[in-house]
Amino acid sequence: MTEDEGLPPAKGPLIYRQSIWTRLTHWVWAICLFFLLLSGLQIFNAHPTLYIGKQSGFEFDNSVLSIGAVNTPDGPRGQTTVFGQTFDTTGVLGMSGPAANPSFVGFPGAVTIPSFRDLATGRVVHFFFGWIFVAALFIWFLASFINGHLRRDILPKGRDFTGLPRDALDHARLRLHHGRTYSPLQKLSYFAVFFVLFPLIILTGLTMSPGMDAAWPWLLDIFGGRQTARTIHFVVMVLLVLFFVVHIIMVLLAGPLNELRSMITGWYRTSPGTPSEQGDKP
Amino acid sequence: MSRLIVNRRKFLVGSVALGSSLAMSGCSQFDFLGQRGNPVRQALEQANVLTYRAQRALIGDQVLAREYAESEIRQGQRPNGSTDPTTAEYLFLKQANFEPYRLTIKGMVDREISFSLAELRNMPARTQITRHDCVEGWSCIAKWTGTPLGPVLDQAGVKPAARYCVYHCYDNIQRGLSGDILYYTSSDLVDAYHPQTILSYGLNDAVLPVSNGAPVRLRIERALGYKQPKYLHTIELVDDLSPFGGGKGGYWEDNGYDWYGGI
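Residue numbers (the working numbering), protein chains in the order written: chain F, 1 to 282; chain Y, 1 to 263.
In case anyone wonders, no lab produced these hints; they're calculated from the structure. A portion of the hints provided could be inaccurate.
Covered by chain Y, per the in silico footprint, the following chain F stretches (three or more residues, Cβ under 8 Å) [stated by the list, open to error]:
hint : region
1    : 119-125
2    : 209-223
With a Cα cut of at most 25 Å, we get these calculated SDA-like pairs of lysine to any residue [to be verified]:
hint : chain 1 : residue 1 : chain 2 : residue 2
3    : Y       : LYS248    : Y       : PHE30
4    : Y       : LYS143    : F       : LYS281
5    : F       : LYS281    : F       : ASN258
6    : Y       : LYS143    : F       : PHE60
7    : Y       : LYS159    : Y       : PHE30
8    : Y       : LYS248    : F       : ALA135
9    : Y       : LYS248    : F       : ARG117
10   : Y       : LYS143    : F       : HIS47
11   : Y       : LYS143    : F       : TRP218
12   : Y       : LYS143    : F       : GLU59
13   : Y       : LYS143    : F       : ASN62
14   : Y       : LYS143    : F       : PRO217
15   : F       : LYS157    : F       : TYR182
16   : Y       : LYS159    : Y       : SER116
Built from N, CA and C at the ideal position, the CB exists for glycine as well.
Okay, chain F solo, but in the shape it has when bound (with noise of 0.2 Å):
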């Protein structure tokens, strides 16, 4: 085999990346997330305001946001209020479907589990996933404090705050290396995933269990009150959908293929003049 002197190859080594723990996980959370999401929006809908407290104001206003629908001279009209702040949100939140025959609900059927309001049934399906996903957390964090992975890819170290800044620079200019590791800002986001957001929105949603705030009364001390852990499940929520977003659009922007590949094979292509270790494929 003869390679051109002077020019680096057209391509870095194959390396093994994500180990089944990894992949398994992967898939078993996208799994849970879309059902827990749904299901959990079918929930919301059963009471579709949020409150600051210990309870819910009827008699007094503590509420933070509000899904509902008026009757205006022009008819009926889904409404929206956050802070205080109303927005006609018709055809979205509060009242959404065909126009001749309206559902006056908070998040619309279309992107709730079942399509129809049944809070039976969301909570079903809510605690099924809750519990899968819980026990997907578990077997992750077990092997990825084994196999390294922790330490190796999610734990941000002291060159990684250094490298931020680089590495924004070049996430803004879409020069996105494949290297061996995560970068800095791979790091912190699944750092914020997996040791923020996840313990945040489990440990709210058992803040919200009757039972639970009994066993450990503390929950309701640190989150302010079950109210209160209601809205910030519903906060996390939103930032996990956002969480979503942007990792399905770097997934699209650094290879799909690849990224996919690695998350299935476990195997991935690195960027040219990587250099190659044991183990690896040409």
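Please arrange chain Y on chain F, whose structure you already have, making use of the hints.
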């Protein structure tokens, strides 16, 4: 042999088409999960059994739900579900100011007993300011006064084989042409004997009003609102829930809600 070549452009077009068709069709492909008795739904429902077992293992039987300060009572207790029952029995009791009311303990007990409202009020009372959590998602803090259920059950003498309490109520939660459906629910004996489980006859320092379950409402403070039966008249000790209503242990449970109701 021709090779299927997927380049970036084809991949993008394909994923956009797939994604939008999924979004357009909405989530009605999962509507079958709403069918009670569907085998997939029944499999998913097993997670609720796991939740019940996990919480029973994790939470000590005597561990109390949080109690709040007087200053946290900022509003009246929000009524929900039945707020004004219309069964003949209840209307008669209501116009008689609940004088003829009796709470009966029956089923797997050594002796069936019943108490008038005055007798219940003369028993040792417990007052607790607790948070009522509705399955819909809202919460309301109120002060409940009543007599603990445990000692009342002991007076009847619960047989060792009894596993559940079934709570029978006066209210016709569902009114239809084929007749009324009366509210009922049930709990295990852990919840029945919990120190905060009281037969409440007082709310926020006043007599329990009709809209909140007069004359007697059971409080099970570590569970959701549908496990706090209003207009309670009979507690039946049983070892099997299937003979009652739809067989799932309660009105809402028969309608697909989980029996434990602790989350």
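Hint by hint, here is what the structure shows:
no., hint, verdict
1, 119-125, "holds (count 6)"
2, 209-223, "holds (count 9)"
3, Y/LYS248 with Y/PHE30, "holds, 23 Å"
4, Y/LYS143 with F/LYS281, "violated, 70 Å"
5, F/LYS281 with F/ASN258, "holds, 14 Å"
6, Y/LYS143 with F/PHE60, "holds, 18 Å"
7, Y/LYS159 with Y/PHE30, "violated, 45 Å"
8, Y/LYS248 with F/ALA135, "violated, 28 Å"
9, Y/LYS248 with F/ARG117, "holds, 21 Å"
10, Y/LYS143 with F/HIS47, "holds, 24 Å"
11, Y/LYS143 with F/TRP218, "holds, 22 Å"
12, Y/LYS143 with F/GLU59, "holds, 16 Å"
13, Y/LYS143 with F/ASN62, "holds, 21 Å"
14, Y/LYS143 with F/PRO217, "holds, 19 Å"
15, F/LYS157 with F/TYR182, "holds, 12 Å"
16, Y/LYS159 with Y/SER116, "holds, 23 Å"
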